[in-house]
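**Q** Sequence:
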Amino acid sequence: MAMAPPPSDSDSHWVSACAWMHVLYPGVLFFFLQLSGYVLISSWLQYRYYFQDLSGVRVHHKRSFVSWWPLLSLLFPSRDLPHISLRPHGSKHPRHNLYATINSFTSSAFAGTIAYAFHANLTWCRITTTARDDYTDYFKAFATAVAWQSVIEYYWHRLMHWGWIYKAFHKLHHTYQHPVPFDDLFIHPVEAMGYYLILYSPAFLPILPKIPLASFVTYMAVMGLCGVFDHSGVASLRIPGGIYETTDHANHHSPFVVNYAFPFPLMDI
Numbered sequence: 001m002a003m004a005p006p007p008s009d010s011d012s013h014w015v016s017a018c019a020w021m022h023v024l025y026p027g028v029l030f031f032f033l034q035l036s037g038y039v040l041i042s043s044w045l046q047y048r049y050y051f052q053d054l055s056g057v058r059v060h061h062k063r064s065f066v067s068w069w070p071l072l073s074l075l076f077p078s079r080d081l082p083h084i085s086l087r088p089h090g091s092k093h094p095r096h097n098l099y100a101t102i103n104s105f106t107s108s109a110f111a112g113t114i115a116y117a118f119h120a121n122l123t124w125c126r127i128t129t130t131a132r133d134d135y136t137d138y139f140k141a142f143a144t145a146v147a148w149q150s151v152i153e154y155y156w157h158r159l160m161h162w163g164w165i166y167k168a169f170h171k172l173h174h175t176y177q178h179p180v181p182f183d184d185l186f187i188h189p190v191e192a193m194g195y196y197l198i199l200y201s202p203a204f205l206p207i208l209p210k211i212p213l214a215s216f217v218t219y220m221a222v223m224g225l226c227g228v229f230d231h232s233g234v235a236s237l238r239i240p241g242g243i244y245e246t247t248d249h250a251n252h253h254s255p256f257v258v259n260y261a262f263p264f265p266l267m268d269i
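Heads up: the sequence shown begins at 1 in the UniProt record's numbering, then just goes up one per residue.
Quick caveat, the hints were computed from the structure, so don't treat them as lab data. Even glycine gets a Cβ: it sits at the ideal position worked out from N, Cα and C. Hints are not guaranteed to be accurate.
Unchecked claim - Pair ranges (Cβ atoms, derived):
1. L29 to I269: 28 to 34 angstroms
2. A120 to L197: 37 to 43 angstroms
3. T101 to T128: 20 to 26 angstroms
4. P209 to R238: 28 to 34 angstroms
5. D268 to A143: 29 to 35 angstroms
6. A168 to L40: 31 to 37 angstroms
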């Protein structure tokens, strides 16, 4: 009986490449899902509430809905649409494109890294798929993550408003007193890194209980949407009863000494 020939070096390299692709693809997939999801949601908000002018809220600058991204700004330059006027205090900050692009990639890299760690069963990842009999467990885990983020982010935000820290970092974010879609990512990258560590911490921080996958995905969806909505300039995006209103954070950008909480106002009460 003839023996099968040993695998060639090219075959071994191909098998090795496939193995790496199998391990890495969740991280790459969620990197692009995070990035494309942000762009699509922000673009939809700007198109619906500004370009179509359905809500009566007007944009304060002459920017196309993709112009925050340097490459796309060249492909799709801003157009002077008749119902769009300049910002009251000038145009887009010269570092807007750079910082928004860096921060979008940083946030997406966090998402991709967490997805990779979960798929590879890395020990530091706190996300679990353990079956639960009671759906209240999912809600408790979600509520714990939201509460943790809300408290830590509140004090982080207050720190960003302190003396030289505000001047060195957070003052940039307050350049726009009336933020509109895509302004949320105009943050100093150092400040953004701190916030992303807080945002994603339920997935890796040992002092927190493990969190079911469904709870973590729901938590990230809520935080992501609220972050975009808070800087949309659209007042109609709200949860009745004072639970959540975009005007809370919009008001923070005007006098900037009120409403530090995100996304819910509990810490400001």
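**Q** If a hint holds in the structure, say so; if it does not, say that too.
**A** These are the hints, each one checked on the structure:
As the Cβ distance of L29 to I269 is approximately 40 angstroms, the hint placing it in 28 to 34 angstroms is violated. In this structure the supplied range 37 to 43 angstroms is violated for A120 paired with L197, their Cβ-Cβ distance being about 21 angstroms. The supplied range of 20 to 26 angstroms is broken by T101 and T128, whose beta-carbon atoms lie about 34 angstroms from each other. In this structure, P209 and R238 meet the distance hint of 28 to 34 angstroms, their C-beta atoms being roughly 31 angstroms apart.
Taken as a hint, the range 29 to 35 angstroms is violated for the pair D268 and A143, whose Cβ atoms sit roughly 19 angstroms apart. Our hint of 31 to 37 angstroms for A168 and L40 holds, since their Cβ atoms are close to 33 angstroms apart.
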